[in-house]
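Participant: Sequence:
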Amino acid sequence: MSSIIDSAAEVATANSTAPIAATGNSTGRLALLVSIVVSFLAASAAPTPLYEHYDVAWGGTALTTTIAFGIYAGAVLVGLLTLGEVSNHLGRRTVILAALSGQAIAMVLFAAADSYTPLMIGRVVQGLAAGAALGALGAGMIDAHRESGTLASATAPGIGTGTGALAAALVVNYLPWPTHLIYLILIAVFVAQAAAITRLPFDAGHHRPGLLKDLRPQIAVPRAARAAFLSVAPVLFSAWALAGFYGSLGPVLMRQLADSTSVTLGGFGLFLLAGVASLATLALRHVGTARTMQVGITALVIGVLGTIVAVEAGSIDLFLVATAVAGIGFGSGLQGGIRTVVPLATEAQRTGLLAAVYLVSYLGLGAPAVVAGYLVSRGLDLEHVAVGYAIVLVVLALAAGASLRLRRARA
Numbered sequence: 001m002s003s004i005i006d007s008a009a010e011v012a013t014a015n016s017t018a019p020i021a022a023t024g025n026s027t028g029r030l031a032l033l034v035s036i037v038v039s040f041l042a043a044s045a046a047p048t049p050l051y052e053h054y055d056v057a058w059g060g061t062a063l064t065t066t067i068a069f070g071i072y073a074g075a076v077l078v079g080l081l082t083l084g085e086v087s088n089h090l091g092r093r094t095v096i097l098a099a100l101s102g103q104a105i106a107m108v109l110f111a112a113a114d115s116y117t118p119l120m121i122g123r124v125v126q127g128l129a130a131g132a133a134l135g136a137l138g139a140g141m142i143d144a145h146r147e148s149g150t151l152a153s154a155t156a157p158g159i160g161t162g163t164g165a166l167a168a169a170l171v172v173n174y175l176p177w178p179t180h181l182i183y184l185i186l187i188a189v190f191v192a193q194a195a196a197i198t199r200l201p202f203d204a205g206h207h208r209p210g211l212l213k214d215l216r217p218q219i220a221v222p223r224a225a226r227a228a229f230l231s232v233a234p235v236l237f238s239a240w241a242l243a244g245f246y247g248s249l250g251p252v253l254m255r256q257l258a259d260s261t262s263v264t265l266g267g268f269g270l271f272l273l274a275g276v277a278s279l280a281t282l283a284l285r286h287v288g289t290a291r292t293m294q295v296g297i298t299a300l301v302i303g304v305l306g307t308i309v310a311v312e313a314g315s316i317d318l319f320l321v322a323t324a325v326a327g328i329g330f331g332s333g334l335q336g337g338i339r340t341v342v343p344l345a346t347e348a349q350r351t352g353l354l355a356a357v358y359l360v361s362y363l364g365l366g367a368p369a370v371v372a373g374y375l376v377s378r379g380l381d382l383e384h385v386a387v388g389y390a391i392v393l394v395v396l397a398l399a400a401g402a403s404l405r406l407r408r409a410r411a
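If you're matching positions, the sequence shown starts at 1 in the working numbering and goes up one per residue.
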């Protein structure tokens, strides 16, 4: 997610006619915007530890769980493609406040849910709100302080996703109202952030016309970037597919491996994957693109192969080690992939190219997890499905590595 936010922020910053005003405490503004990104991604991961409970309470299956996750991924994609530049027309404050309202509405739906219907509706609202606002938030962070804002946009998403899953697991495991309290806490956070945003200084200048035109998705890979895009697409897809598995079926698999019913353990897997990915993104930010890509593919392959060995051996300890290695591949693979293709497009072509990147990434996040959920719901063993899932990811990553190596050799 961090590389996606970085790229969306670049486009929003380049196209915006209304940046955050330079006056005031830039550190405070940056901290507020970072907190919003963290809370958005934390809210997206908050239902993760509860999916198994929902399945039991509402008669769901693994397919229902993965559909709930896939719907969110699809809604984020739609939000990014259609609403990602709305802030350039309506202003960043308006879009961020609307997104905070959408997130709060989604939390109300989650907290009051007595079936999958309000949960699914909430996931759509939540995804659209996140997709609409992430570009504006990333650009706002860069406006507040270019160097610190860029670093924050790289690390905040992973921190938010990881801490959201773990915090929700801890609340569910140790505090009262397990299916309500985490959502009520997030509602209070969103309300406080909205109040703070109303006091944040924004430039009151005129905004860019052409809103209806920008609501139409522009998905286009320029000729100069096509070969590179085809090479990195399998890495983008497989990295996001890995995150999708950890966010949907991963908690159940981890509890099976550990022979435990601990909800905290289920949330820890996504926390570890996303947290390490965030650190890897930060650590490799100034490393060359080719080297970053190499590290990403290698770590992704080793980490995913490690999870296969762990599942076959029934070892939760090995599974956690492999998850950390895969997290390095997740963070560096995404960063390397986007840094490979974006410089090959002109500024005018960048929006269409990033839309293609979003499409591949969020299809990877949602679609494979839904397929895995379908297979489990049809009676296949979860551990066998996980091994098959991992093998496909390894093949995709290796194919991308071979393609990139061949491309460099030809160059």
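Everything labelled a hint here was simulated from the structure, so no lab data went into it. A quick note: this is a predicted structure, and the numbers were derived from the prediction, not measured. Glycine residues also receive a C-beta, built at the ideal position from the N, C-alpha and C atoms. Please note that the accuracy of each hint is not assured.
Said to hold, decoys possible - Quick list of the computed label-pair ranges, beta carbon to beta carbon:
| no. | residue 1 | residue 2 | range |
| --- | --- | --- | --- |
| 1 | G28 | H384 | 47 to 53 angstroms |
| 2 | A195 | E312 | 47 to 53 angstroms |
| 3 | A409 | D317 | 38 to 44 angstroms |
| 4 | A399 | P343 | 18 to 24 angstroms |
| 5 | R410 | R291 | 25 to 31 angstroms |
| 6 | Y174 | A409 | 52 to 58 angstroms |
Participant: Hint by hint, say whether it matches the structure.
Facilitator: Do the hints match the structure? See the list:
1. The supplied range of 47 to 53 angstroms is met by G28 and H384, whose beta-carbon atoms lie about 51 angstroms from each other.
2. Restraint check, A195 to E312: a C-beta distance of roughly 52 angstroms satisfies the suggested window 47 to 53 angstroms.
3. The hinted range of 38 to 44 angstroms is satisfied by A409 and D317, whose Cβ atoms lie roughly 40 angstroms apart.
4. Under the hint 18 to 24 angstroms, the C-beta atoms of A399 and P343, about 23 angstroms apart, fit the expected range.
5. The supplied range of 25 to 31 angstroms is broken by R410 and R291, whose beta-carbon atoms lie about 19 angstroms from each other.
6. At roughly 55 angstroms, the beta-carbon separation of Y174 and A409 lies within the given 52 to 58 angstroms, and the hint holds.
Of the numbered hints stated above, the single one contradicted by the structure is hint 5.
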